[in-house]
Every structure is written in C-alpha cells, then in structure tokens.
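Dock chain B against chain A, hints included.
There are 2 protein chains.
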Amino acid sequence: MATPSLAERVLSGDVRSAARLMRDLDDRLPEAETTLRAIFPSTGRAYVIGLTGAPGAGKSSLTDKLIAHYRAAGKTVGIVAIDPTSPFTGGAILGDRIRMQDHATDPGVFIRSLGTRGHLGGLSRSTADVVQVMDAMGKDIVIVETVGVGQDEVEVAELVHTAVVVTVPGLGDDVQAIKAGILEIADVFAVNKADRDGADRTARDLQTMLEVRHTVGPVSSAGGGTWHAPGDGLAHPVEDLAWDPPIVQTVAVTGQGIAELAAAIESHRAHLQKSGAIHRREVARARAGFLMLLRERLLSGALEQLEEETGRLDEVAGRIARREADPYALADDLAARLRSR
Amino acid sequence: MATPSLAERVLSGDVRSAARLMRDLDDRLPEAETTLRAIFPSTGRAYVIGLTGAPGAGKSSLTDKLIAHYRAAGKTVGIVAIDPTSPFTGGAILGDRIRMQDHATDPGVFIRSLGTRGHLGGLSRSTADVVQVMDAMGKDIVIVETVGVGQDEVEVAELVHTAVVVTVPGLGDDVQAIKAGILEIADVFAVNKADRDGADRTARDLQTMLEVRHTVGPVSSAGGGTWHAPGDGLAHPVEDLAWDPPIVQTVAVTGQGIAELAAAIESHRAHLQKSGAIHRREVARARAGFLMLLRERLLSGALEQLEEETGRLDEVAGRIARREADPYALADDLAARLRSR
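Protein chains in written order, with the working numbering: chain A, 1 to 341; chain B, 342 to 682.
Isolated chain A, as found in the complex (with noise of 0.2 Å):
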C-alpha cells in the first residue's frame, strides 16, 4: 500500500501532519503550495470566527474560555493567534498562549501562533492559508484571534463567518474611535472585563452607536473603481443591516458570559444560514483569499522580472533615492506588460 500523501494526512486530521504543512508554508516551499492545492477541494467545512479588539482587551482569556465551551459541546477547534507584534523575531510571543495551555494535551484543539516574518503575501494570506489547513483537518471551528486595529484587521475580517469585537470599559479617548470605526466589521461585541467600572456604560455607548448606524446607513467608500482588494476597507462588503449586532458583557477570567456570547455567535450563524446571507459571505471569503494570493504572486513575479533585467532591488532603490530613477515610470513599465497580453 502506498503510503499516504502529506494532503492525505492532514485530511485525516493528523496534526504532525498539519504542524509540519505550516511550517512548510512559513518557509514557503513549493511543495507546501502543492499540498494547500490539494486539500483546497476539502475545504469549506469549518466555521470561522473572528476575534479582534485593541491591546489589552482579555482576547487571548476569551478565547481559551470559548475552546473549553466548544470543547464542551463535543466540537473540535483550531485556533490561529495573529501577533503582529512582532516583526523581527519570525515568531508570535509565547506568553499569552500559556493561558492556553490547559488545552495543549487535547487532541482536539490544534493552536497556532503567527508573526509577521517576511512574507510578500502579508500577514493575512499567511493566516488565510492555516484557516484552510485547519478546515482541511477537520476542525468544527476556527477562532482567529488578532490584536490591534489596523487594516490587517480588516483584512482577517474578510475571512471570517462571524467577527466578534472585544472591547473594555474605559481605556481612554482613542477607544471612542476604534468603536466607532469597527462598528461594519463586528457581528458580535464582547465587553469584556465587565466587572470593572463602566461596563454598562461602554456598552450603551455601543449601542447608540448601532442605532445611529442604522439611521443612516454606512457611507460608501468614494472612488473606489469597481475592484475591491484585500485591504481595501471594505470588509464583508455584502452588508447585512438585517442583523443587529449583540453586545455581551463578559469576564473572560471567571468565564462569566462565555456562554450568552457563544449563544450570540451561534445565533449569527442561523441569521446567516436562515436569510441566505451565508453564501454571500462564502464568496467575499473566497474573494479575499482569491486576492490575497494574486497580490503575492504578482509581487514574487514582478520583482524576478526585475531582477533580472534591471538589476537588483536595493540598486533599482538606490537609483530612485538618488532621483536618478523614477519609480511611477518603472512601476508602470512592470505593470503595462501584464495588461498589454
């Protein structure tokens, strides 16, 4: 009998298999692509969530309290911890996830930490290709926790089912902001550490937040052409003002509202599978990774091409440094011959 293939092993949910798959895309070896190709027909299974919200918000206690519920409830989970913290040391900081590691002898919790090592596809196309092994292995649901606000946030939205936003009470001014501008990407809130002072009060503010969104509608994004990519701020650009999103208040260290969150996110779920609105967001799913790969590939591409007919980048830099070079003509150049085919 043959022995089985790489693709075969993680479709059976083998997770030396799955480990070593990752490892493989972070180095980006072709073979790595082959194998993401061949489980691609098999994916499309799991359910993803989203978990985001500002530094400090308790998202990593979230998410352990949620793999122990969903643990609980017989599903398996695999959980991807975005840390875009840290450029330099080609990995995600550990601490956090020690918090999970009640769940590190479970067979069924698969946990993977992502830096932002030198990838051209960014960091989330490296994260949309472990929501796809994670899928591939069989994983009931995906939990993809990142931190920060910024447009890579956005962008992991765009991958996922249901987006819950995590906040706190009273971490200052700025925060006033960071709701106002997650308001389109959230499914769910979670306050969490709700047992500190202020907790009803974030939570109403939210909440008049929804209602003035309601009232007049978003505003589209101006001059955007017809094209939408990753990043382009239009995350789930199917909008469903159908849904009212809830807020939960929870204490992620106790557990306290784990459960009325889950029940938050599952009732999104049959709101999505009910109204139809679940294959609109399969197809912005499948738009964003689409996307996601093309500007990878077109990158790698590109700058081959000009290696080796203008020379090496830092050269080509140091020219356009200099002003001797002009980077819109030399942009433009790479760019025309794809168009002119």
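Be aware that one or more of the hints could be misleading.
[Stated by the list, open to error] SDA-like cross-link-like pairs, simulated, lysine to any residue; straight-line CA separation at most 20 Å:
id: 1; chain 1: A; residue 1: K274; chain 2: A; residue 2: V316
id: 2; chain 1: B; residue 1: K615; chain 2: A; residue 2: R322
id: 3; chain 1: B; residue 1: K416; chain 2: B; residue 2: Y388
id: 4; chain 1: A; residue 1: K274; chain 2: B; residue 2: R663
id: 5; chain 1: A; residue 1: K75; chain 2: A; residue 2: S42
id: 6; chain 1: A; residue 1: K75; chain 2: A; residue 2: D27
Because the hints were derived from the structure by calculation, they are not lab data.
This is chain B only, laid out in the frame that chain A set:
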C-alpha cells in the same frame, strides 16, 4: 505668462494646491499621478518622523506639542495622521484633530488625516504619497502619526527617518508583547503619561529589553528569499546596532519632556548623518515606496485583465467558493504571464 501648473504651485508651498492634489490622489485621478511624478525629483528634503503606539497612548497630544516645538524653532511642519479604525466612513475621525486647532491658522503647519478608504495600494501607499506631497511643499519636518500596532505600522516605519514608539505605564498584559515586538522599529521611545504610576518601571523594562537585544542581536527572518516587500516585517532593513534608542519620559498634556523628546530625535538624525546610515535609510525608504507602488499597479492591472478574460471578480469568487475553480491555478496563470515575457 502661463498659469503655473499644479505641480509648480505645490512646489511653491501653496496649501490649496497641495490639498487639491491630496484629494485627487484619494480619488485616484490619473492627473494626480502625473503631478506626483512631476514633483518627485524635488522631494527627499524633508525629515520624516514616525510616531506610533497603542490606542490611548496620547500620540495626538505629543504630536501637537512637537508641532509647537518645531514651529518655535522656525521650522515648517507637515502632519500625516492615519486613522485606520474607520474603514467605512471613508475618512478619519476628527475628534483628536480638534486638539490641534491651535495650529489651524498657522500657514507653517499642514495637517492631513487619512482613513482606510478603498485603495488598492493600501494605507501605506496613500501615506507615502502624502509624505511626498508635504516634502515637495518644502515642509522641513513631516510627522506621520499612526494608531495601532499591526503590520501597517511596520510598513509606515519603512517610510520614516526616525521612528518614535509611544508607550504608557500600565496598559495591561498585552503591552509587554507590543513593547517586545516593536523594539526593532523604534529609534526613540517615549513613555508618555509619565506622571502616572509605573512610568519608571515601564522605562526600566524597555531598557532591559533593549539590553537583551544587544546581547543576542536580532533574529533574522527565515525563508524570505532575496526580496522583501512592504510589510514583510523587515522595517529598517539596515539595522543599526550602533544606535541605542533613548527612552524619554513625557507628559504631553503639560508639555513635560517635549524638549527632551525633540532632542532625542535630533540626536538620532545626527547619528544617521555622521555614520552615513542616512544613505542606507534613504535607499530603504525608496525601496519601500517603490514596492508599495508596484503592488498597487500590478494588482489593478491583473484585476482588469481578469475582468476582461474570466468575468467579474464576484463571479470568479463564487466559483471558488463552490470549489468549482482553483484559486491557485487562477492566480498562477495571471502571474505567469508577467514572468513569461
């Protein structure tokens, strides 16, 4: 006498013309690109300072006080305030900007806020453009203020000469991770709100982390290949271990420590010039800007071609979502044409 062109008016420092160019860039008008090209040879004079840190760290107040400092020294200042938290409103939230109203009537100060509205090239590309325009206007100093701690900040850090990382005492557990991750980006640290408990400890923690870094050195990115793209996590690729990032305690609201912060920035600038590292950093800036440009050009070109040949992106995404089309094959095919010429 011929009417001066928009480029000429921007180069003469005309505020209305610069504001119009920025709006045209936002709207991606082709003329705006032409103007950007025309001003390009006259750029490269401004000194660009990045100011980044978590929400609530008081970056806007610090920026405000730095403006006053530089104005008092007779320097003109441009500010690019990036608010990536507002993907849908198509612009930045203005709350924080109100604090800067002292400077609203000062012709030596030009403030521009950026949201994350739908740009193929992403937020960092828009930032690069605005920095170029302010540079062309003749601003002596350009300050780029970013909210958040994600990949955007790593990209934006590649565009600046001196990166100031702002932190505050006691923001919670996750802050440790941020500090550790952002170490390699920072040329100067500001511990703001230093009148709060724990400021000395935060400064000491930072110092300890910097010392560890000196001992073990940065961990290089594995598997990256030859090329680095914007956002590949290799901000300031020319790492400068001859520079010890100073740590300055500030209280932005009272102005305490602002002169020291400005002195630390000036000291880094002098170091770059004395050591010759300024040239390497200029090359790194040019490289990052060029790659952002190329990424945008390639993606928009490829998507036009896809639309012509394969059908609308949403239809393609629908086929991918139903697993009828292979996104890897589609992306490879589009990218291969560029390479095969």
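Against the structure, the hints come out as follows:
A C-alpha spacing of about 55 Å is found between K274 of chain A and V316 of chain A, which places the hinted pair above 20 Å, so the restraint is violated. Under the criterion of a C-alpha separation no larger than 20 Å, the hint pairing K615 of chain B with R322 of chain A is consistent with the structure, at around 19 Å. Of the supplied pair hints, the one linking K416 of chain B and Y388 of chain B holds, its CA atoms being roughly 11 Å apart against a limit of 20 Å. For the hint pairing K274 of chain A with R663 of chain B, the CA-to-CA distance comes to about 19 Å; that is within 20 Å, so the pair holds.
Taking the CA atoms of K75 of chain A and S42 of chain A, the gap is near 19 Å; set against the 20 Å cutoff, the hint holds. Under the criterion of a C-alpha separation no larger than 20 Å, the hint pairing K75 of chain A with D27 of chain A is inconsistent with the structure, at around 31 Å.
Taken one by one, the earlier hints fail for this structure at numbers 1 and 6, listed in ascending order.
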